[in-house]
Every structure is written in structure tokens, then in C-alpha cells.
Amino acid sequence: MRPDGGWTVIQSRGQGQGTPLDFERCWQEYKQGFGDLRGDHWLGLDHISSLTSQPGLRSELRVDLLDADNRTLQAHYDDFRVGREEQFYPLTLGRYSGNAGDAFRGLGLTDNQEGCGFSTLDRDHDRCSPCVDGAQTFSSCSHAGSGAGWWYSACGRADLNGLWPEQAGAASGMRWAAGDHQPALRASVLRVHTTASGKV
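Here the sequence shown is numbered in the numbering used here, starting from 1 and rising by one per residue.
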């Protein structure tokens, strides 16, 4: 899962040494960023929004995943943007390609995380109240056990900031569940590449 030039890493998990970085953070920390840029980190919503919302530029998102069997999975979105804080940093994706499946859009309308605002333990912008996963009910997706921030829509099928799979159940763990199969993940990296769009 090495970078191949011209990409900015906005999230990295499973790349550091020792104890994994805790992603259970408040709004302010997700806004500003945390961790070590040489290992596990979150770049910060302000930085991500600024990087992906520049006039005349188009951003791509590449999601690199490493599963428990050391298989590399990848999802690519060709028009990735994160909006302003006043709108709760909504997510725009563009077209999907890759071998990981489109977990951001999930299996149905309630799973679709595109257009969702970012949520944390102290700022809930998910699209459910209460949130239900099977027989479990939660006050919000961030409270589903992980405490992590993410673009939740009824908790959705993607959450790469959730607890490691061995620490949590399906509703609260780090996941990329594009279909019926949900691989146990060992690492994730989100990368953004920005190019001129031809539009001003």
C-alpha cells in the first residue's frame, strides 16, 4: 500500500508501529487533524475541504485497504469533494471503480453516504434517529460503540475510522462492506489527487 506520487494521504490506519492510534475524537480534533503524518493520522476536515474544493480543480479519492488475508483492495472515486464546515463537510464522490466495491453508496438508499455531513460523538449529522443495526439501537452512528467520526447515513456500509474489527461488532467496527461479504481489515489509506478540471 505504497503511495505512487502526487497523492495526499488524508487518512492512514494500520501503518504505525505499536499501539494503533485512537480515532475516537471530538469535532474539533477531526476538523484540525491528529496523529503523525508518517504513520496513522487524520489530515483534518478543514485541510481536506480546502484541498478538494478549489475552483478549477478536480480531486480523485483512492481508498486502499489491506484485509486479514493480506489482499489489497481498492476503491477509486473520480470527483471527490468535501464541503465547508457550515454544511458539516458533506461528501461528494463521483464515479466508482475498483475491486473493493462501492461501500460508500452501499446496498440501498439508506446506506448511501454521499451527500452526508460528517458526524462525531459531540456533533451528530447522521440520517437516523434512532439508528438501528439488526437488533441493536443507537442514539447516533458515532455512539454505536466506536466513537469515531465519519460521513454516516443510517451508519452506512463504510466506516474506516471505526474500532478495529477485533474490538467491535459489525455496527461499530472499521468496515468496508460493499456487498454481502465484509472483509476483516488490517489497514486503510485514503489518498487524494488533484488535477485541473478544465472548468473554472
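Calculated from the structure, these hints are not laboratory results.
Every residue gets a Cβ at the ideal spot worked out from N, C-alpha and C, and that includes glycine.
Accuracy of the hints is not assured; some may be wrong.
Pair ranges (Cβ atoms, derived) [stated by the list, open to error]:
1) T194 x S129: 16 to 26 Å
2) R71 x G39: 14 to 24 Å
3) G98 x T195: 16 to 26 Å
4) S97 x G39: 25 to 35 Å
We went through each hint and held it up to the structure:
For the pair T194 and S129, the supplied restraint of 16 to 26 Å is violated, since their beta-carbon distance comes to about 36 Å. The supplied range of 14 to 24 Å is met by R71 and G39, whose beta-carbon atoms lie about 22 Å from each other. One distance hint, 16 to 26 Å for the beta-carbon pair G98 and T195, holds here, with the actual separation near 19 Å. Between S97 and G39 the CB atoms are about 28 Å apart, so this pair conforms to the stated range of 25 to 35 Å.
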